Amino acid sequence: MNREDDGNELVVDGPTTFPVGRRDFLKLTSTGVLVLMAVDSAHGVQETARPQTGRQGYPTDVNAYLHIGADNHVTCFVGKVELGQGAMTALSQLLAEDLDVALSSVEIVCGDTDLCPWDMGTFGSLSIRSFGPVLRDAAAEARGVLLLLASERFQVPAEKLGVKAGVVTVAGDAAKKVTYGQLTEGKRIERKLESRPALKPVKAFTIVGTSAPRRDAQDKVTGKAKYAGDIVPAGALHARVLRPPAHGATLAQVDTSAAEKIPGVRVIRDGDLVAVLHEHRDEADKALALVKAQFTRNDPPVDNATIFDHLVKKAPRGQTPASGGDVAGFMGPADRMFEQIYFDSYMAHAPMETHSAVAAVENGKVTVWAGTQTPFPVKNQIMQALRLPADKVRVITPYVGGGFGGKSASRQAVEAARLATLTGKPVRVVFSRDEEFFYDTFRPAAVLKITSALDASNAIVLWDYQVYAAGERGAAHFYNIANHRTTVYGGWGGGGTAGYHPFAIGPWRAPGASTNAFARESHIDVMAAKAGMDPVEFRLKNLTDPRMIRALKAAAAKFGWVPKAAPSGRGVGVACGIDAGTYDTLMVEVVVDKATGKVQVTRVVCAQDQGVIVNPEGSLQQVEGCITMGLGYTFSEEIRFKGGEVLDKNFDTYPIPRFSQVPRIDTVFIDAPDVPAQGCGEPAIVPLGAAVANAIFDAVGARVLQLPMTPARVKAAMKP
Amino acid sequence: MRLVSFTLNGKPTRLTVDEDRMLLWVLRDDLGLTGTKFGCGQALCGACTVLVNNEAVRSCATSMKDVQGKQVVTIEGLATGDRLHPIQEAFVTHLGFQCGYCTPGMILGAHALLHKNPKPTRAQIIAHMDEYLCRCGAHVRIIQAIESVAGTAQGGVR
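Chains as they are written, first to last, in my numbering: chain A, 1217 to 1936; chain B, 113 to 270.
Some hints here could point you the wrong way.
Claimed, not checked - Covered by chain B, according to a simulated footprint, are these stretches of chain A (three or more residues, beta-carbon under 8 Å):
1. 1555-1563
2. 1620-1629
3. 1679-1690
4. 1853-1863
Unchecked claim - Straight-line Cα separation of at most 20 Å, EDC-like style, residue types lysine to aspartate or glutamate; simulated pairs:
5. K1440/A / D130/B
6. K1865/A / E243/B
7. K1442/A / E188/B
8. K1440/A / D194/B
9. K1641/A / E167/B
10. K1440/A / D142/B
11. K1814/A / D242/B
12. K1477/A / E1495/A
13. K1477/A / D130/B
14. K1442/A / D142/B
15. K1477/A / D194/B
16. K177/B / E167/B
17. K1403/A / D1287/A
18. K1502/A / D142/B
19. K1380/A / E1368/A
20. K1502/A / E201/B
21. K1502/A / D132/B
22. K1502/A / E131/B
23. K1442/A / D194/B
These are computed hints drawn from the structure, not numbers from a lab. From a predicted model like this one, the values you see are computed outputs, not experimental measurements. Idealized CB from N, CA, C, for every residue including glycine.
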């Protein structure tokens, strides 16, 4: 079992593919001759003595992560994938830093199940904070072995050696120097160390902490960057798969005769899988339109309006991840009690690249190029679907055109593999935008009920928090409250009964956390307003966590926050969040059009404490991306559905953020060298909805209780 | 089927195709130019944008007969050898991309704007680019990149 601590993955499975990958890796990258020495048994003991936190399932052999060529060229292998978040750049920096090689000598291979060490998937802002230490350890260990070899070669103690850019030198003897490449001769590093070398301290970093240029830039501005849909093996056919009109529907009857008449079209039927294939995508589209099919509908009796009652009534048993004091027995004056219900809607990931995969079968081995966040779990799914052993399936992940959690599920890869096996031809499965919406694993609709109380000094003394369907991430509050209880019913990873949701749900960038933050931070402001206190001062009064206090003060300083109780008419709002180990405070300024209910965010300040920063410019991009993407869940994104039918099928009715909505964004990174590198790809999206809701209240005195805060909902909230 | 003649990235090109087919799929499937991306299929997102006679068009909604006799430029045709076009250079410098999937369309969209209006204001850039979708949230940097090429950057705004 390999499930990391915050459990944000649907597919849980182990590194069953790794040993096979290693053999192919050897074939591909070296002759497999063991340069350095054999391992003795004492070193095996050393291995097991290593701390295991966060590294379950990752191989301990440094050769799994890196290869140093005789020419000093370093290849880094990671099971993570490049989704646009800059992982390939930041992970290369970590490797180069601890290995002590020039960053320019490092090439990185991502997400190839034959070449790379097993990985659960790229999600949860885990690449740096969780996999980073594993990669750094491997680099430091390799460096240590290389220094040991150099010390033996020169017959000098290791303390006299120095390394710079992959060249080992001897203090006081300029004639003695050797490159890493000369030491390895391009072969595997088999020597082990007596003890694990210490990692470089933060103050010694020269590569980590710099804004190293993105490695994907040239490819991406020239059109050379290959995504799964751009891989075209010779003779490849596009497949269009017949889809049901609604979730739950089953195929009753199908007539493909008209489609078959199009020259060059092949039709495949394998159980419920009906596909038309053609060399050209548009011809396959045409053929699919000619397929006549009848489905038997089996729609769940829910829609956008009734879903919230359903989620509460059919809720699975609750879990209580946090509690303290006495919630059940709390008694307080009614005018100091606050009860409110908040709502969130189903939302789509809508990456610009739809789910895509290409599969080819050669000598009984299936190779699938997939746009996925989870190449190793996808490999296992293909093995199961085709009943193939591990060495007969390889998943390669080219550039991925956005994921946001939605490409953790990758049915297109399994379909491509099945169809390639059935046709004997390479097969491309590229979802239409309609399929992308239909098969998305949506961010779940959710209901959040909060009962709270203040004492006479405006300290929060009661916090009874119940969240339905959004999940545990970000559910527990971080204020100093004597009597509190957090109850979580179901979550984005499921946990409900069959039919709890009318379609698949899944992780959506910081899953559950922005839903929880919307309710919590809105409710904090509800209390602050009742207390007649400025929202920042109210938070400071009720916070004790020093990292959050620091982030709040940093945001206030950058924003120029002037304390005033809301509604002040200014349209400013604040909200805080903790996600992936990172602390955020967002402050926003909005303009509300009272006639239409339309809200424009004009300015956002983000103060973020993510610990050590690997690549400042890359981190800025992630914060900006979070805030910009966050405008969608805040204002416009909402999947409309009727029973099992998803009514939104394209961007005309599912509006995602546009240039004209983007505010000025100022980001302050808190200097926190004492905190190890934490998550960056998700945390800043978390408090945005709440900060905007609070700013709307500050502007017009209306509290909007449901995401997204569409003009209609804002207008409705303004009615007396 | 008919013979369609046009200039593709500076090269005279003649193809015998069904003239009702969309340019996007002919570029991607027949000609192997995969830099032009499929995003929505309904001219809503801009990922498939190419230049036709210097105007940005959505190739998923542009038929082959519409390019007869015209100059078509795709992202592959923008750089001169290894030398990037200034707009491409600006997208690299300002990191006007993340996943990169919308990037070819963004760059060609910006190209069309600057061809028509070499010194657009920020408001004009936003108005022009508003029909181009990016999901990663690279918007602020895309605006900066375009402003830097136009020489109209205001500075200070991120």
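Consistency of the hints with the structure:
1. Check result for the region 1555-1563 of chain A against chain B: violated, 0 residues qualifying (beta carbon to beta carbon below 8 Å, three or more required).
2. Using a Cβ-Cβ cut-off of 8 Å, 1 residues of the region 1620-1629 of chain A lie near chain B, which falls short of the minimum of three, so the contact claim is violated.
3. Here's how the region 1679-1690 of chain A fares: 0 of its residues keep a CB closer than 8 Å to some CB of chain B, so the rule of at least three is not met and the hint is violated.
4. Residues of the region 1853-1863 of chain A lying with their CB closer than 8 Å to a CB of chain B number 0, which falls below the three-residue condition for coverage.
5. Under the criterion of a C-alpha separation no larger than 20 Å, the hint pairing K1440/A with D130/B is inconsistent with the structure, at around 28 Å.
6. Distance restraint check for K1865/A and E243/B: the Cα-Cα separation of roughly 18 Å lies within the 20 Å cut-off, and the hinted pair is therefore satisfied.
7. Proximity of K1442/A to E188/B is assessed by CA-CA distance (about 13 Å); at most 20 Å being required, the pair is judged to hold.
8. As the CA atoms of K1440/A and D194/B are separated by approximately 12 Å, the hinted pair is consistent with the 20 Å bound.
9. Restraint check for K1641/A and E167/B: the C-alpha separation of about 38 Å exceeds 20 Å, so the hint is violated.
10. Note on K1440/A and D142/B: the hinted pairing holds, with a Cα-Cα distance of about 17 Å set against a maximum of 20 Å.
11. The hinted pair formed by K1814/A and D242/B meets the criterion: a straight-line CA distance of about 17 Å does not exceed 20 Å.
12. Restraint check: the Cα-Cα separation between K1477/A and E1495/A comes to about 15 Å, which is no more than 20 Å; the hinted pair holds.
13. About 17 Å separates the Cα atoms of K1477/A and D130/B, which keeps this hinted pair within 20 Å; it holds.
14. Between K1442/A and D142/B, the direct Cα distance comes to roughly 17 Å. Compliance with the 20 Å bound is thereby established for this hinted pair.
15. For the hint pairing K1477/A with D194/B, the CA-to-CA distance comes to about 46 Å; that exceeds 20 Å, so the pair is violated.
16. For the suggested pair K177/B and E167/B, the alpha carbons sit about 16 Å apart, so the restraint of at most 20 Å is met.
17. A distance of roughly 11 Å separates the Cα atoms of K1403/A and D1287/A; the hinted pair therefore holds under the 20 Å criterion.
18. In summary, the hint linking K1502/A to D142/B is supported, as the alpha carbons are separated by about 17 Å, within the 20 Å threshold.
19. Of the pairs offered as hints, the one joining K1380/A and E1368/A holds, with about 19 Å between alpha carbons and a cut-off of 20 Å not exceeded.
20. As the CA atoms of K1502/A and E201/B are separated by approximately 39 Å, the hinted pair breaks the 20 Å bound.
21. Taking the CA atoms of K1502/A and D132/B, the gap is near 12 Å; set against the 20 Å cutoff, the hint holds.
22. With a C-alpha separation of about 15 Å, the suggested pair K1502/A and E131/B falls inside the 20 Å cut-off, and the hint holds.
23. Between K1442/A and D194/B the CA atoms are separated by roughly 18 Å; this keeps the pair inside 20 Å, and the hint holds.
Violation of the numbered hints given earlier is confined to hints 1, 2, 3, 4, 5, 9, 15 and 20; the remaining hints are satisfied by the structure.
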